[in-house]
Amino acid sequence: MKPEEARSVHQIDAVVVGAGLAGLRAALELARNGIEVAVLTKVYPTRSHSGAAQGGIAAALANVAEDSLELHMFDTIKGSDYLGDQNVIELFVQEARKTVYDFEHMGVPFSRTEDGRINQRPFGGHSSPRACFSADITGHVLLHTLYEQCVRHRVHFYNEFQVVSLVIEDHVSRGVVAWDIRHGGLHLFHAKAVLLATGGYGRAFKITSNAHANTGDSLSLILEAGLPLEDMEFVQFHPTGLYKHGILLSEAARGEGGYLLNGKGDRFMATYAKEKMELAPRDLVSRAEQTEINEGRGVDGKDYVCLDLRHLGREKIMDRLPQVWELALNYLKVDAIEAPVPIQPTAHYSMGGIPANIHTEVIFNASGDVVAGLYTAGEASCLSLHGANRLGTNSLQDAATFGRLAGGRMADFIRQAGFSSLPANPLDRARDRIGHLISGGNGRERHALIREELQQNMTRHAGVFRNAEGLKQLLQTVRELQERYRNVRIDDVNHPFNLDLMEALEVGHLLNFSEVIVEGALVRTESRGAHFRTDYPKRNDQNWLAHTLAWKTDSGVHLNHDKTVVIYMDRFPPQERKY
Amino acid sequence: MKESIIVKILRYQPEKDQKPHWQTYRLDVPADSTILDILNEIHWNHDGTLAYRRSCRSAICGSCAMKVNGQNVLACETPMHKFRGNRLKIEPLPGFPIIKDLVVDMDGFFDKLQRVKPYMVVDKPIPDKEFLQSPEEFSRIRESAYCILCGACTSSCPSLWANENYLGPAALLKAYRFIFDSRDDGTDERLDIINDRNGLWRCHTIFNCMEACPKHIDITGCISRLKNRVVDNSL
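In order, the protein sequences belong to chains D and L.
According to my numbering, the first sequence is numbered sequentially starting from 1.
According to my numbering, the second sequence is numbered sequentially starting from 580.
Some hints here could point you the wrong way.
The calculated lysine-lysine pairs, modelled on DSSO-like cross-linking and capped at a C-alpha distance of 27 Å, are [claimed, not checked]:
no., chain 1, residue 1, chain 2, residue 2
1, D, K244, L, K581
2, D, K98, L, K696
3, D, K264, D, K333
Stretch by stretch, here's where chain D covers chain L in the computed footprint (C-beta under 8 Å, at least three residues) [as the list claims (entries may be wrong)]:
no., segment
4, 632–638
5, 758–764
6, 769–782
Here are some chain L residues pointing at chain D (derived, C-beta under 7 Å) [claimed, not checked]:
no., residue
7, D596
8, G627
9, T628
10, G674
11, I677
12, K679
13, V682
14, Y698
15, L728
It is worth saying that the hints were derived from the structure and are not from the lab.
Note that CB positions come from ideal geometry on N, CA and C, so glycine has one too.
Whole structure, please, built from the sequences with the hints as guidance.
Here you go:
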């Protein structure tokens, strides 16, 4: 298919895929630099899942207690279980304060201290109250403010556009192909620079805090383009998912003083993290919860424990945690002022993603060679800032800071670059894929059933605790599901707002990168951060202080562990991680 | 525990339907299902042609506002047991053009927001750190900042049904959020915009918007305070 056969061909300097915090912050930076930028997003920008982040955005402002960049850096390194690249972490903490003040100047309504400065609260793994917040809707107000500023700066929005292929040849990015969800039809975006900021991949799991949209589309497209993903086995499970639903109850609930109770009514964190208690990092708290549940100390012997806010009192709960209170009431009929709230670990954050250097440029091998004109930021990326485990409130900061830096970097690139030529048939891959799903041949498989099986098995075997036997079984299951997926047929054969088609495409993506998660987890025979192997329960720096790069090949997943971790041995040498 | 329910959905498939029509589904669903769970059950396991918007599942993204048994609600946070008799009637948000099934065209809604200059305007010098704002000043804008732009309020407003050029409650609330922000310097211009003949005087204090708001924002109260502010300013 020739480019002119697309419903529309757009030539524009910069394309940003995804309209969460990273994508919008990059788009704003590009627009402030006078660059024409198009944002492609599956949902209206204010619907992006950054808006569901509740507790805060980390920056060592020292507004309510002593704090320093050095301390923020150390906390993040320790939280990452020493897998985070320390040069990236250093840049991150240096830029974090600027990012927050810039947000404030844009009009973000932050909660305030008595003397009128941005208020800050404690968060897990941070040794000082560092989370700048707006009640418990921090992500929501950041997202809406950014959208407002993007509109003001005339960013071009293509709302309800789903990217279906990346146009990359000879390690040069040339643009993307997207499906117009509302009207149907393919669009070709020919761009000098492309940013992939599609967020996380939590939808591969049954119990997850992620939105329906968080299906890791760009990660799967990277694999299809023959490029690698990094550290995909590191998936964060958040300790306070609403029981059965997985919906997030903010860590701010513990930051404000909430307790975790087991079936006996004990604050069980005393057994696992005597000093930090409920404010230990998420990986540790989730394992503690799962251990209590597995050993029969869940509530009523069931698979949940409780978050207890009662001692905080009505006033504090309604002032600081109104969303937490309302979610518990609406979904579980529990009034958190009167009763403890049932919770369980929930797949929450993807530490792994598209490998990039410190400048957000996508790289394609362990020596760091870049794909020209291709960038990534936020949860979709792996720079690697969070290593094996992310600290709460570092994600909003990551998305915003590296979104901003990516925008600046792209602007510099665009000023000196021309448009790279398009290949002869840039739409073929996208057209074939959509055509196959809509016509369907003799297929009889339903994508929703395949997805459900994938999610259940991923939560069961690639969850908080993993082992070789379960992972091997899971790998087999994923491959069988991939086979079945070839025979998917969708019910809806029309073009406008075809939700059936959208979801079928997404299930294909989930299956594609899930295999990489599982292979990575199976091969990494150690426990580090969020990746815990019951058959290898210790961290093993001698063999595994390295990043995973993974490619999809015709013969399965190809793994490589040559990418070293950047460590400042004189300042932050690896130590045992205790809280 | 499963329960049998009867769900009537207003369907409209643009490529074959002249106008919207009702389709009935009979299902067995878990007793604690939300409206979104039920739509997903239909879409995933019975009829993939059904279209609707959804994303976060936790009442913060604003995608899934629709009309259920006569009320504008967010499908994701509304349990089916809010309605008696295990009979549900689900329609797209009224007052918006239908694209397909429960999916409506929100472009006009977002365009109206743009009319009130929905961003902070700052004329004063930018400080090195933050602008100072007292907790009291913050509390004045806090409630309005909860708005998730779901459109439930605007869809329920009779004044808007009567005059489609009226800004409507969501856009006025957005104006409020900046006009009452102690840091903003764009107040006079915004007050002029909302004092227009399609502006806040079209609000007749009917309170439908407040009833519809899933975030329980006192929208009518905010609009009343805007009216007072406009009057004060003109004195």
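Please list, smallest to largest, the hint numbers that this structure does not respect. Hints 6, 7, 10, 11 contradicted; others consistent.
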